[in-house]
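A.B. asks: Here are the chains, one letter per residue:
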Amino acid sequence: MKSIKILMAITVLLSFTACNAQIKNAKTESVKIFGNCGMCKTTIEKAGNKKKVAKVDWNKDTKMAIITYDAKRTTQDEILKRIALSGYDSEKFLAPNDVYAKLPDCCQYERKAQTVAKVETPKTEVKEDHSTHNHSAMTETRQDVSQLKAVFDNYFAVKDALVKTDGNTSSTKAKELLTAINAVKMDKLTTEEHTVWMKVMKDLAFDAEHIADTKDASHQRDHFMPLSENMYALIKVSKTETPTYYQFCPMANDGKGANWLSKENAVKNPYYGSQMLTCGKVVETIK
Amino acid sequence: MDNQKNIYKKLLPIAILLLTTTNTFAQKVVRYDLYVKDTLVNFAGKEKRAIAVNGQIPMPTLTFTEGDTAEIHVHNLLKEETSLHWHGLFLPNKEDGVPNLTQMPIKPNTTHIYKFPIIQNGTHWYHSHSGLQEQIGMYGNFVMLKKADDKTFRNGIDDLPTLPIVLSEWTNVKPENIHRMLHNANDYPALKKNSVQSYGEAIKAGHFKTKLKNEWKRMLAMDVSDVYYEKILMNGKPSSDLKSIDGKELKAGDKVRLRISNGGASSYFWLTYAGGKITVVANDGNDVEPVEVDRLIIAVSETYDIVVTIPAENTAFEFLATTEDRTNSASMYIGNGIKQLQSPQPRLKYFEGMKMMNDMMKMNGDLDDMGMNMSLNQMDMNVVMYPEITGDSKPKQSENDPNRYNANALADIVTLNYAMLKSPNNTSLPQNAPVKELKFELTGNMNRYVWSLDNKVVSETDKILIKKGENVRIVLYNGSMMRHPMHLHGHDFRLLNGQGENAPLKNIVDIMPMETDTLEFNANVEGDWFFHCHILYHMMSGMGRVFSYENQAPNPLIPNPKLAQRKLFADDRAFHFMAENDFATNGNDGMAMVQGTRWSIGTEWRLGYNDHHGYETETHIGRYIGKMQWLMPFIGFDWRYRKLETDAMGNVHGEKNLFGQTNTKDNRRQFSLGVAYTLPMLVVLQTEIYHDGNLRVQLMREDIPISKRVRASFMVNTDKEYMAGLRYIVNKNIGLTTHYDSDMGLGFGVFLNY
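Quick note, the sequences are listed as chains G and C, same order.
In terms of the numbering used here, the first sequence is numbered consecutively and its last residue is 287.
In terms of the numbering used here, the second sequence is numbered consecutively and its last residue is 1754.
Heads up, a few of these hints could be off.
To be verified - Straight-line Cα separation of at most 27 Å, DSSO-like style, residue types lysine-lysine; simulated pairs:
1) C:Lys1248 / G:Lys149
2) C:Lys1251 / G:Lys32
3) C:Lys1237 / G:Lys92
4) C:Lys1243 / G:Lys81
5) C:Lys1237 / G:Lys52
6) G:Lys81 / C:Lys1237
7) G:Lys24 / C:Lys1048
8) C:Lys1231 / G:Lys81
9) G:Lys51 / C:Lys1237
10) C:Lys1231 / G:Lys24
11) C:Lys1217 / C:Lys1562
12) C:Lys1048 / G:Lys52
13) G:Lys51 / C:Lys1708
14) C:Lys1251 / G:Lys27
15) C:Lys1231 / G:Lys50
16) G:Lys287 / C:Lys1213
17) G:Lys239 / C:Lys1151
18) G:Lys72 / C:Lys1251
19) C:Lys1217 / G:Lys51
20) G:Lys149 / G:Lys175
21) C:Lys1251 / G:Lys81
22) G:Lys27 / C:Lys1708
23) G:Lys188 / C:Lys1251
24) C:Lys1046 / G:Lys27
25) G:Lys256 / G:Lys188
26) C:Lys1046 / G:Lys51
27) G:Lys50 / G:Lys81
28) G:Lys236 / C:Lys1255
Hint data in this document are derived by calculation from the structure and do not stem from the laboratory.
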């Protein structure tokens, strides 16, 4: 028994040195990489490994990776970047969101590092921070721009999600829109804006709430129509830095047609998504 | 009295005006001293020669304010000539920096002073216009700021924290060698980029028929770019952090303006940003109405000013410049904290691109746009290769969809195109000026790397005369298979893009295959102005013209115009040398060739190791005819010696060819006249008649791509000679071969090529 153990120990040792021996000027470091399961392990190691240059050994329980690399030919950053590009966050790099979203369900680890970013993803909070920063430096009108800007930006986010027929995202974005609507301080608006705001505020909140409450894109689109019309009325009297395009698709709303606002003049239809992405035209450019 | 009062009233504003203008015209002279010096750099694992200015690559950023006078002292400490061109600037012709056209080259160990008033603002750049120096470090940012009281000053754009960025590429191969290899259709760069598109790969991808059709139409495998670069650089670095600007730390909510110039010698770059949309605010140094996009491509030598926002706390967002072929990229992380990456551009679907080219190419080499009237980069044929637009596998778009090449219609991301650029000002030309219309077709031959306008290179044409004051309108049609960034010196032109009076002002127009673009400018500065493709290797091959004003004063910096012209023409008249030899067990097999735009002088040899195998050489001097250069008449000279077998009786058996003519294999010296023609499948049919009346017809095909690294070749002729061989490519200059030859039998060898 004992001899078997010793033999095993020796083979393990040998094999370890054997695979290590390939990498010259070896430097070994231990870093945290976020992930869930065995599948993650395969992806992480495959992305990080490079013949004779880098070797990654990730432990799914501790989330720690032992990285051995040729310090003359690569850096820890290069390896971690490759791993992040395969979908896995570390303490230095965040994976692109679209790559993360494409990971298999079992690998959709909780993005701990992303919480840093989440603080600002709800745009309202950033905007508040942004506007307080502006308070001191900018003039009155500039403040008003950022007052409603959060509302517009979140509206565009909802629109973009509907273009992709992504009910989940439009729901969360609508929630943020609602927060932004409630955060508007009416006394900071110009007279013109104030008048329109009083008229549309309730409807805006109503439609935003309904979009937020469902994940069904077709129901969301029903509410997106009045939402867009009210938003149009509002943006007409408000100053924005970049032009906005008022677009129209004659086929939406059962052939009655419907409008929406976009920051790009290229048509991306939020009522049909990929089914009829370019149906529609720009009817007005608002500056 | 009344009159006098009026005069006073009139004079007062004039006096005030005079006072203030003298103030603003009190020109500030801004002087820079540039020391141009050889240096050794290590960008990609090896020490290589480069050129540094004031000890740095890129060259230092030169900053001026509109109204300044620039005085730039260029000290040439190189062992070769140099020059500096101020790209996109309005200046007197003699300051334009084109050697042998607007000035004589700056000789080694001399100093040249450029001095000119700064009469515009915007993002520009500067580079060497001498030889291939631009590839190895001679590029830099050139920024001209608006005056503080400028009426066009845009709050929220012109007052943002700003960083100038010059993009460039680095290769460990000497640029002269790249240029030579391009002319010899060496496909080693394709191998490095994994874009050989061989038969083996085609079969694997289910595209055998596509490849067959492609070769039937006499095309070599195409990539969107020709040169393989080891590193992509932003301000000289493949990866960098932008944590603060002018000492002020960047934080969430901040907007940053990037002044981006593409100083790459031959690479287009896709620009993308991990922090969301990119707002384009200027192009080629001219303001445009802000337009939000997800991505844009920046053509060689173009400039774009973009604004990006840092959307989150404690995060740095990746700004990514990816080569058009997507093999390499450079990153800049904007902000402070953990790095949010941008997903890389996925690999191109090459065989979809090949299929698209097959459909567009007519049998005679012309392109067929199938009635699509393409212009302004709105339709991008390459979208068939972009997985992010047309999906990972087969494209789903139908044959008749008018939008099947419109990236913005096919995907939910927005790609910038020229139709979206709009000047904030009225850019109309003077109304009553006479109009001169010029038309050019951009022509080219990928296989021989000849690039031209109307199938003529610079040295084959005269200067194009224009008159001062007239409006020059140029219609460009790209009939070649590559895109070309066409650049006009000394003037901005309006690109007619459907924006009416607000057509954007540019000095480079990128024009894709089959596109037609119209541009116009008012001829307002005398001189000789270069109009050329800004891909360095295309320009050096002669793709350009010179616009010259009628009856203009001679340029004092060109004392001997004849000599200058000869030196200018020398660029595209240069011949490119290649040689290869197979050191095989059964003999040596090789060739050496020098080729220019039209002429080819080549010698082939087969040298056996004994008299029975024989020794022979064939030399051909030929001229390529036509745009596609498929036809080459030539004169030749053959010399061969081969000891023929004798039978028991001591009779020598002469060999007879297919036509029953007896061959003088044994020690022959023959002159010949012949013609070579490239047939479909790229097989060369060579018909030759020797001075003794013998006729020889030969079919040959070399470099058939079997797999990524294996090439096959064959030859058969009416002298009953034949050969077939295989070559495995080890690296750029070495291969392993096996071949069977009717004279020398089976052999294995080591193949060297230069």
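A.B. asks: Which numbered hints are broken by the structure, listed smallest first?
C.D. replies: Per hint list: 11, 14, 16, 18, 19, 22 and 25 violated.
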